[in-house]
Every structure is written in C-alpha cells, then in structure tokens.
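The lines below spell out each chain.
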Amino acid sequence: MGIKIPLLKAVSLGYERDMITFSIKYGSLPNFYANAILDTGCPFCVISESTIQKTRISYKDKPVHHRQVWLGGILFELRCLGECEIFFRDNENKSIPFKQEIYVGIPISLKKGTILSQQIPCFIGKDFLDKNFLSIIRSKDGKTYLQEVD
Amino acid sequence: MANQVLVSLESYEKDFMDFQKKIQNIRKSNPDQFIAFGQGKILASGESIERVRNELEKLNIDPQKTVIEFVSKNEIKMIV
Chain A
1 MGIKIPLLKA VSLGYERDMI TFSIKYGSLP NFYANAILDT GCPFCVISES
51 TIQKTRISYK DKPVHHRQVW LGGILFELRC LGECEIFFRD NENKSIPFKQ
101 EIYVGIPISL KKGTILSQQI PCFIGKDFLD KNFLSIIRSK DGKTYLQEVD
Chain B
1 MANQVLVSLE SYEKDFMDFQ KKIQNIRKSN PDQFIAFGQG KILASGESIE
51 RVRNELEKLN IDPQKTVIEF VSKNEIKMIV
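Residue numbers (this note's numbering), protein chains in the order written: chain A, 1 to 150; chain B, 1 to 80.
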C-alpha cells in the first residue's frame with residue numbers, strides 16, 4: 001500500500017484548513033517541528049519567518065528565490081534554505097522522510113512586528129505534492145489524508 | 001533517529017491540537033503575544049519570539065520542538 005498521511009482539521013488565519021505537522025532537518029542541525037496548511041494553490045513549500053525564528057538557523061543570508069511574491073495582500077520575498085529532509089507521521093504511525101526544497105517567506109510589505117506578519121503560516125505546496133504523487137483524499141468517515149494514488 | 005522524530009512529532013501534534021482547543025481562552029488571557037504551548041498549558045509567553053525562546057531555554061524546554069504561535073487580540077481572517 002502507498003503512502004497515507006492523516007491530515008488535521010485546524011484553524012489558521014480564521015478558517016478551518018487541511019493542516020499537517022512535520023519535522024524539518026536542515027543540514028546537520030537538530031530537527032525542528034512545524035505545522036503547515038496543505039495548499040494546492042501554493043507553488044512552493046514555505047516556512048514562515050516566525051517558525052524559522054524558533055531555531056538559530058541563519059536564514060537572512062540565504063539566496064532570494066523570488067523577490068516579490070504576493071500572498072493574501074502581503075508582499076514576501078522567498079529565501080531558499082535548499083533541500084531539507086522533512087518527516088511526516090503516516091497512518092501506521094511510522095515517520096516518512098522526504099527530500100524537499102524549502103523556502104522561508106519573509107514579509108517585506110509589512111512593518112516588522114505587525115500583527116499580521118507574525119501570523120503568517122507555513123505552507124506545504126504543490127511542488128511537494130507533484131514530486132511525490134500525493135493527493136488530498138477525503139474519506140466518507142470525515143477524515144482527510146495525503147495519499148499516494150495510482 | 002526515526003523513532004525520536006516520531007515521538008517528537010506525536011508530541012508536537014498533540015500540543016498543536018490542544019492549543020487549537022484553547023486558543024479562544026488564550027486570546028483573552030494573553031492577547032497579541034507569542035505563546036509557547038505544551039502539556040496542555042502555556043509554557044511561556046511574550047511580545048517577541050526571541051523572548052519566548054529564551055524563556056523556554058531557561059526552563060530546559062527545546063523551542064524547536066515546541067508549538068509557538070502568535071495569538072492576536074482580534075482573530076484575523078484571510079483567504080489564501
């Protein structure tokens with residue numbers, strides 16, 4: 001059977017979303033943990049600035065991948081952390097690793113420290129779903145999965 | 001290594017869902033603050049993430065494994 005990862009129903013930015021928790025390994029540094037919106041409309045996997053600030057990873061000197069990206073009326077730049085290893089928990093309670101290019105989304109149109117800039121979530125985007133042939137599947141029992149489908 | 005990640009992932013997920021249940025109360029008690037949440041309660045809070053990270057480190061809690069979210073006084077709604 002293929003990959004099957006349960007998703008969470010959780011509220012982010014005021015509405016219920018398909019969300020997921022995961023672990024990120026950047027280089028030789030210890031793993032850090034995050035939650036993200038599963039967003040098929042987002043082209044990239046983006047870690048929010050407030051999430052990366054939980055760590056001591058130096059991200060401001062990373063190359064800018066996209067200089068001006070709008071998200072919900074906020075202008076971001078995306079800095080590339082490079083390929084990281086990310087881990088999810090599957091329905092059999094095993095950790096599943098993936099290699100994934102990760103970006104840090106830094107709001108540039110908002111004054112640093114404003115309330116909105118501090119609440120921008122992380123996103124698991126279409127690049128991850130495409131690369132790993134994963135789809136969001138809703139079962140009739142009300143549960144939602146990220147699932148490998150033939 | 002994989003087992004350690006799994007244990008921490010389970011713990012983080014539980015804390016995240018517990019935080020979701022309590023966010024409206026936290027919005028009233030700690031508006032416009034970063035909240036570190038675990039074991040069903042607020043572990044640390046403050047106006048900057050650096051401050052919360054430092055508080056957690058003083059408590060020997062790893063910020064990297066902890067749910068830390070900003071909770072605004074008024075809920076922000078956004079379509080993304």
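Keep in mind the hints are simulated off the structure, nothing from the lab. From the three backbone atoms N, C-alpha and C, an ideal C-beta is built for every residue, glycine too. Mixed in with the good hints there might be a few duds.
Said to hold, decoys possible - Distance windows between CB atoms, simulated: (1) Lys94(A) - Asp18(B): 19 to 29 Å; (2) Ser29(B) - Asp61(A): 10 to 20 Å; (3) Ser58(A) - Ser48(B): 30 to 40 Å; (4) Ser29(B) - Asp130(A): 25 to 35 Å; (5) Pro97(A) - Lys14(B): 37 to 47 Å; (6) Pro31(B) - Ser28(A): 17 to 27 Å; (7) Lys21(B) - Asp130(A): 31 to 41 Å; (8) Ile108(A) - Asp32(B): 39 to 49 Å; (9) Gln39(B) - Lys9(A): 32 to 42 Å; (10) Ile108(A) - Asn74(B): 17 to 27 Å; (11) Ser48(B) - Ser139(A): 12 to 22 Å; (12) Asn74(B) - Met1(A): 15 to 25 Å.
Structure-based check of all given hints:
{"no.": "1", "hint": "Lys94(A) - Asp18(B): 19 to 29 Å", "result": "holds (23 Å)"}
{"no.": "2", "hint": "Ser29(B) - Asp61(A): 10 to 20 Å", "result": "violated (38 Å)"}
{"no.": "3", "hint": "Ser58(A) - Ser48(B): 30 to 40 Å", "result": "violated (18 Å)"}
{"no.": "4", "hint": "Ser29(B) - Asp130(A): 25 to 35 Å", "result": "violated (42 Å)"}
{"no.": "5", "hint": "Pro97(A) - Lys14(B): 37 to 47 Å", "result": "violated (21 Å)"}
{"no.": "6", "hint": "Pro31(B) - Ser28(A): 17 to 27 Å", "result": "violated (39 Å)"}
{"no.": "7", "hint": "Lys21(B) - Asp130(A): 31 to 41 Å", "result": "holds (34 Å)"}
{"no.": "8", "hint": "Ile108(A) - Asp32(B): 39 to 49 Å", "result": "violated (22 Å)"}
{"no.": "9", "hint": "Gln39(B) - Lys9(A): 32 to 42 Å", "result": "violated (23 Å)"}
{"no.": "10", "hint": "Ile108(A) - Asn74(B): 17 to 27 Å", "result": "holds (24 Å)"}
{"no.": "11", "hint": "Ser48(B) - Ser139(A): 12 to 22 Å", "result": "violated (42 Å)"}
{"no.": "12", "hint": "Asn74(B) - Met1(A): 15 to 25 Å", "result": "violated (45 Å)"}
Checked against the numbered hints listed earlier, the structure breaks hints 2, 3, 4, 5, 6, 8, 9, 11 and 12; every other hint is satisfied.
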